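> Here is what each chain is made of, one letter per residue.
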Amino acid sequence: NAGVTQTPKFQVLKTGQSMTLQCAQDMNHEYMSWYRQDPGMGLRLIHYSVGAGITDQGEVPNGYNVSRSTTEDFPLRLLSAAPSQTSVYFCASSYTFSGNTIYFGEGSWLTVV
Amino acid sequence: AQKVTQAQTEISVVEKEDVTLDCVYETRDTTYYLFWYKQPPSGELVFLIRRNSFDEQNEISGRYSWNFQKSTSSFNFTITASQVVDSAVYFCALSEAGSTGGGADGLTFGKGTHLIIQP
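Order-wise, the sequence lines are chains A and B. The working numbering numbers the first residue of the first sequence as 1 and each following residue consecutively. The working numbering numbers the first residue of the second sequence as 1 and each following residue consecutively.
To be clear, the hints were calculated from the coordinates, so they are not data collected in a lab. Incorrect hints may have been included.
What the hints assert, rightly or not - Straight line, CA to CA, 25 Å or less: simulated DMTMM-like cross-link-like pairs of lysine to aspartate or glutamate:
no.: 1; chain 1: A; residue 1: Lys14; chain 2: A; residue 2: Glu106
no.: 2; chain 1: B; residue 1: Lys111; chain 2: A; residue 2: Glu106
no.: 3; chain 1: B; residue 1: Lys111; chain 2: A; residue 2: Asp26
no.: 4; chain 1: B; residue 1: Lys38; chain 2: A; residue 2: Asp26
no.: 5; chain 1: B; residue 1: Lys70; chain 2: B; residue 2: Glu15
no.: 6; chain 1: B; residue 1: Lys38; chain 2: B; residue 2: Asp18
no.: 7; chain 1: B; residue 1: Lys111; chain 2: B; residue 2: Asp22
no.: 8; chain 1: B; residue 1: Lys111; chain 2: A; residue 2: Asp38
no.: 9; chain 1: B; residue 1: Lys38; chain 2: A; residue 2: Glu106
no.: 10; chain 1: A; residue 1: Lys9; chain 2: A; residue 2: Glu30
no.: 11; chain 1: A; residue 1: Lys9; chain 2: A; residue 2: Asp38
no.: 12; chain 1: B; residue 1: Lys3; chain 2: A; residue 2: Glu59
no.: 13; chain 1: B; residue 1: Lys3; chain 2: B; residue 2: Glu17
no.: 14; chain 1: B; residue 1: Lys38; chain 2: A; residue 2: Glu59
no.: 15; chain 1: B; residue 1: Lys111; chain 2: A; residue 2: Glu59
no.: 16; chain 1: B; residue 1: Lys38; chain 2: B; residue 2: Glu59
no.: 17; chain 1: B; residue 1: Lys3; chain 2: A; residue 2: Asp38
no.: 18; chain 1: A; residue 1: Lys9; chain 2: B; residue 2: Glu44
no.: 19; chain 1: B; residue 1: Lys3; chain 2: A; residue 2: Asp56
no.: 20; chain 1: B; residue 1: Lys38; chain 2: A; residue 2: Asp38
no.: 21; chain 1: A; residue 1: Lys9; chain 2: A; residue 2: Asp26
no.: 22; chain 1: B; residue 1: Lys16; chain 2: B; residue 2: Asp55
no.: 23; chain 1: B; residue 1: Lys111; chain 2: B; residue 2: Asp86
As the structure is a computational prediction, the values presented were derived from the model and not from experiment.
Same shape as in the complex, but just chain B (with noise of 0.2 Å):
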């Protein structure tokens, strides 16, 4: 079965530092794809990016980055000159497109990253 860790339950950074938030993913399929969803203290899900299984080109988006490494599984994202508004819980997600559920069930989620930029 899939499955999502994502190991800090809590990161604080001061403004304008870098920051990494790790996911590490298990999966039996070889074709998956990886997302990163942000969730603001307003309480929506707010989607990031979505990454397939046979793309491991890195991707940059203004401050923000991932790194996709199949060889260690993991998806890591990166937040550079960090801003208080990036102050959320950042979620880690995976979904399968396997034989058995062909992704019909849906997303399997990390327990999240609690992100506090302070001023």
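Extracted from the complex, chain A is given alone in its bound form (with noise of 0.2 Å):
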């Protein structure tokens, strides 16, 4: 019953470092997406995705690339790590993308130094 994984639960970068954050869904859900949550600020969203092979972009996509190429997986890739990316981030799953319940992984706390 793995629902959303996310993996790194725990990651710490250097500025200008690349990485990505893996999120898999087993639940066949044709939305995912990707929020980063920072002190005070609730949950913005970063990606999202509404089926294999199409992404778009949230709120606060600056810095951040994405991906869809099957329906279970949809990675986040920092390109050039900033400081500013230090947060922690949450990829979600839904069936579609209206109305329905949106389930979140267990999250990743990135810091970059």
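Join the two chains, each given in its own frame, into one complex according to the hints.
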């Protein structure tokens, strides 16, 4: 009963390094998304995908890339990490993007030094 | 644009007291969905409830209840006889299903209310 799985759970990066946060879901959900959570800001949408091969930008997309080659996977790439990207990242999925319950992964704590 | 306001940044009550978490939302759509999520100290986001805009019936689930009032654009959450395990950050969120994004632009979250239940 995996649901939404994110890896890694914790990561420390140096400024300028690149990395990929992995996200996989086993519920055959069409819709997947990435959020970041910062203190006092709630969660904000970074990128989303309504199906394999389709991605779009959310509220705070700068500095992040995504791709959706399969229904199951939706990786988030930081090409050149900056301290401002220190945050907790959540991957989420749902059957469709409209009205269905959105399920979240357990979060990935990223620190950029 | 949609907006969710949780005016209470932090609430502290003594165990067994009742507590209400407020949520006020703004949207131009007539069809939308409201959610509550719980984030315990361990950090994961736990789904609590989803309500669509056409269903104003209040809901009760054990010690939890939700009051949805379209007239005041509010979706408040009450915990009856609070327990220490209820201590968490609670988020209210809104998803629109209108013509512009069809809801694909995801959830708009409030900033959360940190609930502290003291023993």
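> Determine for every hint whether it applies to the structure shown.
Here's how the hints hold up against the structure:
The hinted pair formed by lysine 14 (chain A) and glutamate 106 (chain A) meets the criterion: a straight-line CA distance of about 23 Å does not exceed 25 Å. For the hint linking lysine 111 (chain B) to glutamate 106 (chain A), the alpha-carbon distance of about 19 Å falls within 25 Å, and the restraint holds. Among the hinted pairs, lysine 111 (chain B) with aspartate 26 (chain A) is inconsistent with the structure: their alpha-carbon atoms are about 29 Å apart, more than 25 Å. For the hint pairing lysine 38 (chain B) with aspartate 26 (chain A), the CA-to-CA distance comes to about 23 Å; that is within 25 Å, so the pair holds.
Distance check on the hinted pair: lysine 70 (chain B) and glutamate 15 (chain B) sit about 31 Å apart at the alpha-carbon level, beyond 25 Å; violated. With a C-alpha separation of about 17 Å, the suggested pair lysine 38 (chain B) and aspartate 18 (chain B) falls inside the 25 Å cut-off, and the hint holds. With a C-alpha separation of about 12 Å, the suggested pair lysine 111 (chain B) and aspartate 22 (chain B) falls inside the 25 Å cut-off, and the hint holds. For the hint pairing lysine 111 (chain B) with aspartate 38 (chain A), the CA-to-CA distance comes to about 10 Å; that is within 25 Å, so the pair holds.
Using a Cα cut-off of 25 Å, the hinted pair lysine 38 (chain B) and glutamate 106 (chain A) holds, with the two alpha carbons roughly 12 Å apart. Taking the CA atoms of lysine 9 (chain A) and glutamate 30 (chain A), the gap is about 24 Å. The hint holds against a cut of 25 Å. With a CA separation close to 16 Å, the supplied pair lysine 9 (chain A) and aspartate 38 (chain A) stays within the 25 Å bound. In summary, the hint linking lysine 3 (chain B) to glutamate 59 (chain A) is supported, as the alpha carbons are separated by about 13 Å, within the 25 Å threshold.
The suggested pairing of lysine 3 (chain B) with glutamate 17 (chain B) is violated, with an alpha-carbon distance near 30 Å, which exceeds 25 Å. For the given pair, lysine 38 (chain B) sits about 22 Å from glutamate 59 (chain A) by alpha-carbon distance, which is consistent with the 25 Å threshold. Distance check on the hinted pair: lysine 111 (chain B) and glutamate 59 (chain A) sit about 15 Å apart at the alpha-carbon level, within 25 Å; holds. For a cut-off of 25 Å, the pair hint linking lysine 38 (chain B) to glutamate 59 (chain B) stands: about 17 Å separates their Cα positions.
The straight-line distance between the Cα atoms of lysine 3 (chain B) and aspartate 38 (chain A) is roughly 17 Å, inside the 25 Å bound, and the hint therefore holds. In summary, the hint linking lysine 9 (chain A) to glutamate 44 (chain B) is supported, as the alpha carbons are separated by about 11 Å, within the 25 Å threshold. Simply put, lysine 3 (chain B) and aspartate 56 (chain A) have alpha-carbon atoms about 20 Å apart, close enough for the 25 Å limit, and the pair holds. A hinted pair counts as satisfied when its Cα atoms are at most 25 Å apart, and lysine 38 (chain B) with aspartate 38 (chain A) qualifies at roughly 16 Å.
This hinted pair checks out: lysine 9 (chain A) and aspartate 26 (chain A) have alpha carbons roughly 18 Å apart, not beyond 25 Å. Between lysine 16 (chain B) and aspartate 55 (chain B) the alpha-carbon distance is near 30 Å, which puts this suggested pair outside the 25 Å criterion. Proximity of lysine 111 (chain B) to aspartate 86 (chain B) is assessed by CA-CA distance (about 18 Å); at most 25 Å being required, the pair is judged to hold.
Comparing the model with each earlier hint shows violations of hints 3, 5, 13 and 22; every other hint is respected.
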